[in-house]
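Novice: Chain by chain, the residues run as shown.
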Amino acid sequence: NFMLTQPHSVSESPGKTVTISCTRSSGSIANNYVQWYQQRPGSSPTSLIYDDSQRPSGVPSRFSGSIDSSSNSASLTISGLKTADEADYYCQSYDSSNRWVFGGGTKLTVL
Amino acid sequence: QVQLQESGPGLVKPSETLSLTCTVSGGSISTYSWTWIRQPPGKGLEWIGYMFNSGYTNNNPSLRSRVTMSLHTSKNQFSLKLSSVTAADTAMYYCARGAVAYNIDVWGKGTTVTVSS
Chain Z
1 NFMLTQPHSV SESPGKTVTI SCTRSSGSIA NNYVQWYQQR PGSSPTSLIY DDSQRPSGVP
61 SRFSGSIDSS SNSASLTISG LKTADEADYY CQSYDSSNRW VFGGGTKLTV L
Chain V
1001 QVQLQESGPG LVKPSETLSL TCTVSGGSIS TYSWTWIRQP PGKGLEWIGY MFNSGYTNNN
1061 PSLRSRVTMS LHTSKNQFSL KLSSVTAADT AMYYCARGAV AYNIDVWGKG TTVTVSS
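For the record, the sequence lines run as chains Z and V. So for the first sequence, our numbering puts the first residue at 1; every next one is plus one. So for the second sequence, our numbering puts the first residue at 1001; every next one is plus one.
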């Protein structure tokens, strides 16, 4: 099966834009949709992006998702960073048998 | 607004079976996919498996032989049983709903399970 690799941590200042990558180890990133989840400290995860770039209702447009076949990766971009965006972010996809794979998670610090 | 709540023993002895229930309120369990995910202390998310009302299930290959999932439509609940537990199964366990087989749109708050004698 494939792996999804995320940076362990990223940091950026309030008001800035940050991008978190999620690189697929084998097989094309475009083969299977990528989802993104946010987990604030002490809370359960919430759904942020589904189907590569779709936002569930209620998720601000500051959050956007994309995929890049050339780097075989997905990206989560957060613009206009707020301190409330400090959280762990996980990407998730699935294989041809619909078995799920999670990335290891990225800790975002807004300082 | 649909809500999910996990419940079950917080402490399980090694080699025993972990049993958890997810109660769904504000929506029917007869549609959507229903998923279990766990998170060991200080670590990332791990997919356990999901099932549909049809009875179709799909589990993590690393856990497959130990996992049993069930839907209880009359009670609007779904359950997880994980047999032969070890300390490595200590984790926060989340139930979740998916619009399709490969994603989640609603998460439960999670329940902590510790495996210890």
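Warning: the hint list may mix true and false statements.
Calculated pairs, DSSO-like style, for lysine-lysine (alpha carbon to alpha carbon, straight line, at most 30 Å) [said to hold, decoys possible]:
id	chain 1	residue 1	chain 2	residue 2
1	Z	K107	V	K1075
2	V	K1081	V	K1043
3	V	K1081	V	K1109
4	V	K1043	Z	K107
5	Z	K82	V	K1081
6	Z	K82	V	K1109
7	V	K1081	Z	K16
Derived list of chain Z stretches under chain V, where covered just means 3 residues or more per stretch with a C-beta under 8 Å from a C-beta of chain V [stated by the list, open to error]:
id	segment
8	17-30
9	65-72
10	76-82
Since the hints were made in silico from the structure, they are not lab data. The beta carbon of each residue, even a glycine, is placed where N, CA and C say it ideally should be.
Novice: Now, for every hint given, state plainly whether the structure supports it.
Specialist: Hints, one by one, checked against the model:
Distance check on the hinted pair: K107(Z) and K1075(V) sit about 38 Å apart at the alpha-carbon level, beyond 30 Å; violated. Taking the CA atoms of K1081(V) and K1043(V), the gap is about 22 Å. The hint holds against a cut of 30 Å. This hinted pair checks out: K1081(V) and K1109(V) have alpha carbons roughly 19 Å apart, not beyond 30 Å. Distance restraint check for K1043(V) and K107(Z): the Cα-Cα separation of roughly 11 Å lies within the 30 Å cut-off, and the hinted pair is therefore satisfied.
Taking the CA atoms of K82(Z) and K1081(V), the gap is about 40 Å. The hint is violated against a cut of 30 Å. Between K82(Z) and K1109(V), the direct Cα distance comes to roughly 24 Å. Compliance with the 30 Å bound is thereby established for this hinted pair. Simply put, K1081(V) and K16(Z) have alpha-carbon atoms about 45 Å apart, too far for the 30 Å limit, and the pair is violated. Only residues whose beta carbon comes within less than 8 Å of a beta carbon in chain V count, and the segment 17-30 of chain Z has 0; fewer than three means the coverage is violated.
Judged by the Cβ-Cβ criterion of 8 Å, the segment 65-72 of chain Z is not covered by chain V as claimed, because only 0 of its residues qualify and three are needed. Here's how the segment 76-82 of chain Z fares: 0 of its residues keep a CB closer than 8 Å to some CB of chain V, so the rule of at least three is not met and the hint is violated.
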